[in-house]
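Participant: Chain by chain, the residues:
There are 2 protein chains.
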Amino acid sequence: MNALNIVEYTHTLGAQAKVASAQMARASAATKSRALLALARLLRENTAALQQDNARDLAPAEANGLSVPMVDRLRLTPKVLETCAQGCEQLAAMPDVIGEILGMKQQPSGIRVGQMRVPIGVFGMIYESRPNVTIEAASLSIKSGNACILRGGSEAIASNQALARLVQQALAEAGLPEQAVQLVQTTDREAVGQLIAMPEYVDVIIPRGGKGLIERISREAKVPVIKHLDGNCHTYVDDPCDLAMAVKVTDNAKTSKYSPCNASESLLVARGVAADFLPAIGAIFAAKGVEMRGCAESLALLQGVDGAQLVHASEQDWSEEYLAPIISIKVVAGVEEAIAHINRYSSGHTEAILTTDHRHAQQFLREVDSASVMVNTSTRFADGFEYGLGAEIGISTDKFHARGPVGIEGLTSLKYVVLGDGEIRI
Amino acid sequence: MNALNIVEYTHTLGAQAKVASAQMARASAATKSRALLALARLLRENTAALQQDNARDLAPAEANGLSVPMVDRLRLTPKVLETCAQGCEQLAAMPDVIGEILGMKQQPSGIRVGQMRVPIGVFGMIYESRPNVTIEAASLSIKSGNACILRGGSEAIASNQALARLVQQALAEAGLPEQAVQLVQTTDREAVGQLIAMPEYVDVIIPRGGKGLIERISREAKVPVIKHLDGNCHTYVDDPCDLAMAVKVTDNAKTSKYSPCNASESLLVARGVAADFLPAIGAIFAAKGVEMRGCAESLALLQGVDGAQLVHASEQDWSEEYLAPIISIKVVAGVEEAIAHINRYSSGHTEAILTTDHRHAQQFLREVDSASVMVNTSTRFADGFEYGLGAEIGISTDKFHARGPVGIEGLTSLKYVVLGDGEIRI
Numbered sequence: 001m002n003a004l005n006i007v008e009y010t011h012t013l014g015a016q017a018k019v020a021s022a023q024m025a026r027a028s029a030a031t032k033s034r035a036l037l038a039l040a041r042l043l044r045e046n047t048a049a050l051q052q053d054n055a056r057d058l059a060p061a062e063a064n065g066l067s068v069p070m071v072d073r074l075r076l077t078p079k080v081l082e083t084c085a086q087g088c089e090q091l092a093a094m095p096d097v098i099g100e101i102l103g104m105k106q107q108p109s110g111i112r113v114g115q116m117r118v119p120i121g122v123f124g125m126i127y128e129s130r131p132n133v134t135i136e137a138a139s140l141s142i143k144s145g146n147a148c149i150l151r152g153g154s155e156a157i158a159s160n161q162a163l164a165r166l167v168q169q170a171l172a173e174a175g176l177p178e179q180a181v182q183l184v185q186t187t188d189r190e191a192v193g194q195l196i197a198m199p200e201y202v203d204v205i206i207p208r209g210g211k212g213l214i215e216r217i218s219r220e221a222k223v224p225v226i227k228h229l230d231g232n233c234h235t236y237v238d239d240p241c242d243l244a245m246a247v248k249v250t251d252n253a254k255t256s257k258y259s260p261c262n263a264s265e266s267l268l269v270a271r272g273v274a275a276d277f278l279p280a281i282g283a284i285f286a287a288k289g290v291e292m293r294g295c296a297e298s299l300a301l302l303q304g305v306d307g308a309q310l311v312h313a314s315e316q317d318w319s320e321e322y323l324a325p326i327i328s329i330k331v332v333a334g335v336e337e338a339i340a341h342i343n344r345y346s347s348g349h350t351e352a353i354l355t356t357d358h359r360h361a362q363q364f365l366r367e368v369d370s371a372s373v374m375v376n377t378s379t380r381f382a383d384g385f386e387y388g389l390g391a392e393i394g395i396s397t398d399k400f401h402a403r404g405p406v407g408i409e410g411l412t413s414l415k416y417v418v419l420g421d422g423e424i425r426i
Numbered sequence: 001m002n003a004l005n006i007v008e009y010t011h012t013l014g015a016q017a018k019v020a021s022a023q024m025a026r027a028s029a030a031t032k033s034r035a036l037l038a039l040a041r042l043l044r045e046n047t048a049a050l051q052q053d054n055a056r057d058l059a060p061a062e063a064n065g066l067s068v069p070m071v072d073r074l075r076l077t078p079k080v081l082e083t084c085a086q087g088c089e090q091l092a093a094m095p096d097v098i099g100e101i102l103g104m105k106q107q108p109s110g111i112r113v114g115q116m117r118v119p120i121g122v123f124g125m126i127y128e129s130r131p132n133v134t135i136e137a138a139s140l141s142i143k144s145g146n147a148c149i150l151r152g153g154s155e156a157i158a159s160n161q162a163l164a165r166l167v168q169q170a171l172a173e174a175g176l177p178e179q180a181v182q183l184v185q186t187t188d189r190e191a192v193g194q195l196i197a198m199p200e201y202v203d204v205i206i207p208r209g210g211k212g213l214i215e216r217i218s219r220e221a222k223v224p225v226i227k228h229l230d231g232n233c234h235t236y237v238d239d240p241c242d243l244a245m246a247v248k249v250t251d252n253a254k255t256s257k258y259s260p261c262n263a264s265e266s267l268l269v270a271r272g273v274a275a276d277f278l279p280a281i282g283a284i285f286a287a288k289g290v291e292m293r294g295c296a297e298s299l300a301l302l303q304g305v306d307g308a309q310l311v312h313a314s315e316q317d318w319s320e321e322y323l324a325p326i327i328s329i330k331v332v333a334g335v336e337e338a339i340a341h342i343n344r345y346s347s348g349h350t351e352a353i354l355t356t357d358h359r360h361a362q363q364f365l366r367e368v369d370s371a372s373v374m375v376n377t378s379t380r381f382a383d384g385f386e387y388g389l390g391a392e393i394g395i396s397t398d399k400f401h402a403r404g405p406v407g408i409e410g411l412t413s414l415k416y417v418v419l420g421d422g423e424i425r426i
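Taken in sequence, the protein lines are chains A and B.
full-length UniProt numbering puts the first residue of the first sequence at 1, with every later residue one more than the last.
full-length UniProt numbering puts the first residue of the second sequence at 1, with every later residue one more than the last.
One chain only, chain A, in its complex shape (with noise of 0.2 Å):
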């Protein structure tokens, strides 16, 4: 396509979705439940057609070269696809939040105001390779009530398009419009340009993927974002805490996996318990090969562990995301300077204290101005499901309309329903 027609056809795809969400927003609980209960049935019974569309899209990229982490994120195994059918079946079984009226009170005036929760209308979806991505967006999407255009990574467009017919198959299924999902074509990245530039079709741009195309988007978009920039998490080990806990859980917050944006990339301990606390977890961490860059008084307090990999810390390394096996180290006064250096380097996504004292707790829990605050648990707990939003469509950093893990609550807006009986405003 030349620029002109990615400009004729990303508008067509907008004034479709446009259209589509007018009647999605209008769907009864049922019949979305439908169309999602029969994607799930889809996904199932095209699992093997799905492997090979999806082997079109493996072939080259093994070809050319893509990092074995790459090609996996890639592949639509069965199992891949049954995790996708049974999400389908989980938001299906989730009661309907659209309708739903929230504080109706009467006024002085006599009128009754509420707020009724209302789809946003249409959202463009950009994300990188995983395909899976694809099913995750279309069936939130389906469940509250929204249309959307979905624009995946040029390496999964094969795999993308075969998914996507699927979901279109089940929409048609349920009675509703297919163009209430729809996959951009082109993989030519000036249709990414022309997605976040139409705000009189498109109401909000959700990307997904590494911190420069988020950037990227963020800074040239005319319509909302909901964005999630890196995960900088911080677990702050505080004096007093159980430190068999505290081992237990940094360990886990740092080592259960590297490249999840939830992991910590930084460990915070107060100095009363940090030549307790640090040989421990230091010994840990050598043993599973977790390079530490720490600060000078906590390198003093490592030195003694067998095989630790010990480096000094920069100022850079604060503010730093590794996703994978380092880990700054700091060891700091105190609850208020813990507080400090999280509100000065953080990202914003996920901070802990492990401690037993309340007052501590609760001024963390407070003071600290990221999107998730945890008291005596991992980081790694931050994500969507376990917080119990039943799926999430990305974890957002920013303060505005949806923080933290975004479900179907956060592709909804809340719109002002007044209710009177001939009331007029003197």
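Since the hints were made in silico from the structure, they are not lab data.
Just so you know, nobody snuck in bad clues.
The calculated label-pair distances, taken between Cβ atoms and stated as ranges, are:
1. B:K105 / A:G99: 21 to 29 Å
2. B:E89 / A:S28: 45 to 53 Å
3. B:Q316 / A:D72: 52 to 60 Å
4. B:I426 / A:Q169: 31 to 39 Å
Distance condition first, Cα-Cα at most 25 Å in a straight line; then the derived DSS-like pairs of lysine-lysine:
5. A:K211 / B:K222
6. A:K288 / A:K257
7. B:K211 / A:K222
8. B:K257 / B:K288
9. B:K211 / B:K222
10. A:K288 / A:K248
11. B:K248 / A:K105
12. A:K222 / B:K222
13. A:K248 / B:K105
14. B:K222 / B:K18
Quantities reported herein were computed from a predicted structural model and do not represent experimental measurements.
All residues carry an ideal CB built from backbone N, CA and C; glycine is no exception.
The hints should help you fit chain B onto chain A, whose structure is shown.
Facilitator: Same frame as chain A, now just chain B:
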């Protein structure tokens, strides 16, 4: 100031606001109330002095031939100041929502997850001539635990400076940082450009003023904007309806005041009641000098009304916010056509249906895509005070974050709070 100095100046304001916002977020409900009550007292004690400062704005405004309504908006009468003082006292008396925790529930892993209401941080407010907006914004900012940077109209600079001094005095009396409310002291337009482009310091911009100002800010802002574009509000008279109530409410919606954004600018009438309803409302409009811009069918029914100013509506009229004694009128087949017309031409502010049919009322509430949807009452009620919000900082026509009248909650964010007892994620 030259451009370089303005950059430096606005960055200083931003950095100071950011520091102050952390102190405001920690402030107790009692401390914030003390500041609000001190401000109310200072406004009353300084009424005469404020009028003198105000006179320094009024003299050049009158000399420069500003219109009478513009000069009136600029004027700080004892009544305006008393209303400001009462507004501060009302806010002080309202419950404090900061720190409230919503929906804390245990999850299968054992962690308990809820959401804590916290201030957004720093907001920037850009407004035009009315200096009392300085007090409204400052008092809402204090109550909601935010810091704010205020940029009022250049024609009100002396009044705004005097008011901002009292605000800072009230903050200091309560032991709160004076820099929690800062007025931009230069009238250079470049300061606005800077204020909307400092995401490191300012979390959200709230513009209040003409459509041109708001469009420019939305286009250029590098941070989220809570915006209010125009208020092209509709009243739809359904078949069936209570004709006497419909006449009374429609009259109020259009003629009680012409300039507010919640006045109805367009009247839709179901064909089945048009022959009865239109001559009745037309007689009132004619008597009050309201020009009627109608479709052919409505004009035919209004032809016999004594003294009616009738004009053929153009396509442009359906989108127009007149803010004047003019109304557009269209006969429609029924509720379906009314909803379709509104969703096409409305600015998404406020729309009302006047009906006795329950299903029509429900359909209108559900399907009209505006910030406020009303049954059997006047669009003029779309207002923070009338909705029980205590105060309003503006009316949002966005679907995002805050929609409709924006009160204290619109200036807050919900962060997730997770309480554990050593749980780890497996």
